[in-house]
Amino acid sequence: MTGRYGRYALLRAAQAVIVILLAYVLTFLVISVLPGDPITNTLRDPQNGLSEDEIQQIVAHYGLDKQAIIQLFLSLGRFVTGDLGFSLQSNLPVAQLLGDSLPSTLALAGTALLLAVVFAVVIAYGAQYLPGRVAPGLLRSVPSLFLSVPNFVIGLVLIELFAFRLHAFTIIDPDSAVATFFAALTLAIPVSAPLAEILIANLDHESRQEYVLVARSRGLTKTRLFARHLVKPSMLPAVAMVALIVGELLGGAVITETIFGRDGIGTLVQKAVTSQDVPVLQAVVSLAAVVFVVVNLAADLVSPLLDPRLQPDRAAARTEPGVVVPA
Amino acid sequence: MTAIAPHPLKPFLTGSSTLLSVDGLSVAYGDTTVVHDVSFTLGRGESLALIGESGSGKSTIAKSVLRLLPHGETSVTGRIRLGGRDLLALPEKQFRPLRGRTLGYIPQDPSAALNPVRTIGSQAHEAAALTGERDADKRRALILAVFDTVGLPDPVRVYNSYPHQLSGGMLQRVLIGLTVLPRPALIVADEPTSALDVTIQKLILDLLTDLRQEHGISLLLITHDLAIAAERTESLVVLKDGVVHESGSSARVFADPRSDYARTLQADVPALNPDRYCSQRAAEAQPAETSGRAQIEVRNVSKRFRVGGTEIAAVDGVSFAVGRGKTHALVGESGSGKTTAVRLLLGLEQPDSGEIAVAGETVHGTSRAELRTLRRHLQLVYQNPFTSLDPTWRVRRIVREPLDRFRIGAQADRAQRVREAIAAVGLPESALSRRPTNLSGGQRQRVAIARALVSRPDVLVLDEPTSALDVTVQADILELLARLQRELGLTYLVVSHDLALVRQIADTVSVLQRGRVVEDGAVEQIFARPQHPYTRALLDAIPQPTGLPRPALGQRTPGRPTLGQPAQPLFTH
Chain A
0 MTGRYGRYAL
10 LRAAQAVIVI
20 LLAYVLTFLV
30 ISVLPGDPIT
40 NTLRDPQNGL
50 SEDEIQQIVA
60 HYGLDKQAII
70 QLFLSLGRFV
80 TGDLGFSLQS
90 NLPVAQLLGD
100 SLPSTLALAG
110 TALLLAVVFA
120 VVIAYGAQYL
130 PGRVAPGLLR
140 SVPSLFLSVP
150 NFVIGLVLIE
160 LFAFRLHAFT
170 IIDPDSAVAT
180 FFAALTLAIP
190 VSAPLAEILI
200 ANLDHESRQE
210 YVLVARSRGL
220 TKTRLFARHL
230 VKPSMLPAVA
240 MVALIVGELL
250 GGAVITETIF
260 GRDGIGTLVQ
270 KAVTSQDVPV
280 LQAVVSLAAV
290 VFVVVNLAAD
300 LVSPLLDPRL
310 QPDRAAARTE
320 PGVVVPA
Chain B
0 MTAIAPHPLK
10 PFLTGSSTLL
20 SVDGLSVAYG
30 DTTVVHDVSF
40 TLGRGESLAL
50 IGESGSGKST
60 IAKSVLRLLP
70 HGETSVTGRI
80 RLGGRDLLAL
90 PEKQFRPLRG
100 RTLGYIPQDP
110 SAALNPVRTI
120 GSQAHEAAAL
130 TGERDADKRR
140 ALILAVFDTV
150 GLPDPVRVYN
160 SYPHQLSGGM
170 LQRVLIGLTV
180 LPRPALIVAD
190 EPTSALDVTI
200 QKLILDLLTD
210 LRQEHGISLL
220 LITHDLAIAA
230 ERTESLVVLK
240 DGVVHESGSS
250 ARVFADPRSD
260 YARTLQADVP
270 ALNPDRYCSQ
280 RAAEAQPAET
290 SGRAQIEVRN
300 VSKRFRVGGT
310 EIAAVDGVSF
320 AVGRGKTHAL
330 VGESGSGKTT
340 AVRLLLGLEQ
350 PDSGEIAVAG
360 ETVHGTSRAE
370 LRTLRRHLQL
380 VYQNPFTSLD
390 PTWRVRRIVR
400 EPLDRFRIGA
410 QADRAQRVRE
420 AIAAVGLPES
430 ALSRRPTNLS
440 GGQRQRVAIA
450 RALVSRPDVL
460 VLDEPTSALD
470 VTVQADILEL
480 LARLQRELGL
490 TYLVVSHDLA
500 LVRQIADTVS
510 VLQRGRVVED
520 GAVEQIFARP
530 QHPYTRALLD
540 AIPQPTGLPR
550 PALGQRTPGR
560 PTLGQPAQPL
570 FTH
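So the sequence lines, in the order shown, correspond to chains A and B. The opening position of the first sequence corresponds to residue 0 in numbering that gives the first Met the number 0, with each subsequent residue numbered one higher. The opening position of the second sequence corresponds to residue 0 in numbering that gives the first Met the number 0, with each subsequent residue numbered one higher.
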């Protein structure tokens, strides 16, 4: 089994690399068909004071005078070797810009992911486990409430309440731990809703299964039934959902960073877009693709460990109806 | 298992000879009462069957005894006494110690009864813990011992397996073993074999009977099958719509049913009435003999599938022929190749070798036009009308679809044909504007048959046509099929695992095992003198209630009154 799983893991990893490269190519193509040539425009901007010779040197260095397809391969080659180029706006290496903004975004998104998972688990398991009808009923309505309030409203309310009224943090120092927590909270609340919904639906589904009845007939207490029989099966679709949520966190980070005045990837993107800073955009999009693909790869690799039915040796044994496979 | 100390709660159960007494039990889901004032008693070490069709309330009664009905949605009134204690009055805290230790439960579908993401061993420990054994190694030894007792070949492998890695029969053995392990006083078995193949069904029931007798465990058996109930239990309670219609000793109810409903049930069980459709079928049989060429001819057909690196012969050198107006049956259990044979016949799969001809035309199934011609000659009625009809379509559209697909007739003509087809299957025209969800199982199967008939095929393939239906509804459908065959001269190919049913409706039969025909011939001959051990095993699997002569399956004597069959015909047209 381990051999098969190993092969499966390698195959998925190889697929992931291909997806990342394709994402890079796609971004390159999209940017290259955009009207105007931001690179030459910037180079020829009199403010930069570059002489014609210097411009020619740069153009030759990056192969900008070559055909688009050759430029693509040159660019792809640089990407693979880790050379992300220079920002058109600040003349700093893109890698350095990313390095400066990444920690702030990682802290924000990481904390938000953690909070979202905690919220979802508390809401879903509470809705399933709490006695009576009132408390579970209220918990079940929480996800739709979370979904219906826009991210920026939550952010503004939190700032008003905790920064200005309660002085829990100050907006002058947006990277402090407390400020990061509240920014992450803003991001986590809407993101936790779909996760909670899927956990609730899945717990409902699992608790109606015959095996739960059989386990109850053996006198398992509610707590043991829950812990031993329901938690693991309910996690499976949630794992896939977490992978999708990471994508949402990256998108949501732009707004949240703006509201809380944080210097992160979101702010970097915002500036790059307004100034048509192509190398930065290309790098950020590729980074997002890498994160997304890696998280989904992790989900794909974890799922067979949670559910033995998904293990690759079984998946391959799917047969025509009427054919019995010796177990 | 001798090492197990007697359970502290067992003593209160000794004493009087009545173990379970249900008194005036009524159960309602919301405003709908599904069980009305049901009473029965079950003696210590005895067995009782609750028998009825879907909606009879039999499972609800079982779950009331086990207190497994959903919380807060049901209201249960009356009394359920176990060894003198009123179970319904006990708070959950005091009832819980009885679960598993005194009251065991064997569920219907073994493949859904174990947690799919945990190993069987880890779940078995939950049952083994009920013996009071605290040491995990000793519990493991108990589990492996009981797996051996219930006839599981490699107990350690079973212990380490996940449920999906075992067959249904093996899983049911696991569940029976785990239920028996804490030696309960009463086992409630809810249709314990209805999800299993016939030969497995017999083995499982034998096992349950043996263990029960060995350990003096009482059994409350829930079943829809009167023959099984009569064969396996001492007394039975016949239920319909939550009301008791008859109760008494199994032998008596079975031999001499007094209520109308019990009589109907009795007459509808295929195993007990092999000649049920004889007179209707006899009329059609004669002219067909002479009509030259066979409607279906399968010559030496083979089909192999590659499964995980190994090649499996799903169908291996199968031949049979069916004459016009005749019924041929393909009989076998899961994995026998009968489904693949049907797919080949329908042109859904291509045979590796051999030839298939329907209505004199060779089936290649390679081009669309050929498939189109084939489907006009041959139509399929699926096994389960609850899943084979699109729930969002109205009956009119469902029945009409083949005409539209094959562009048969003008628009007005099509509407007329749909009306004819729906009338032919005995449904009112008002059914056309309904959706499948508003129809009963029997009505749905009639719609499925109408859909197959509407393009006026010569051959109908009936894939387990009644296995998803209740026994009285089954009889209606078989009656209908017999009449349609007589009136329209249809040729049937029936696929089934139920030999008793085959005996009732087929002229000839091929018994399939692992893709090969192990025996074939006329139904009477196969049933009277089975040559192959597999055929004998299938025949043995037909339940035979004790104390009664085995129905003479081997002879066909039209008009011979069979056990308990009313003198007048049950159905008139």
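These aren't lab readings, by the way, just hints derived from the structure by calculation. Backbone N, C-alpha and C define an ideal beta-carbon position, used for all residues, glycine too. Where hints are given, some of them may not hold.
Ranges between beta-carbon positions, derived for each pair [unchecked claim]:
| no. | chain 1 | residue 1 | chain 2 | residue 2 | range |
| --- | --- | --- | --- | --- | --- |
| 1 | B | D85 | A | P149 | 53 to 59 Å |
| 2 | B | D22 | A | A297 | 47 to 53 Å |
| 3 | B | G150 | A | K221 | 30 to 36 Å |
| 4 | B | G42 | A | A134 | 21 to 27 Å |
| 5 | B | E428 | A | R3 | 53 to 59 Å |
| 6 | A | V18 | B | R371 | 38 to 44 Å |
| 7 | A | Y128 | B | S352 | 41 to 47 Å |
| 8 | A | D64 | B | A368 | 39 to 45 Å |
| 9 | B | R251 | A | D203 | 42 to 48 Å |
| 10 | A | Y128 | B | W392 | 50 to 56 Å |
| 11 | A | A200 | B | S193 | 37 to 43 Å |
Does the structure break any of the earlier hints, and which numbers would those be?
2, 4, 7, 8, 10 and 11
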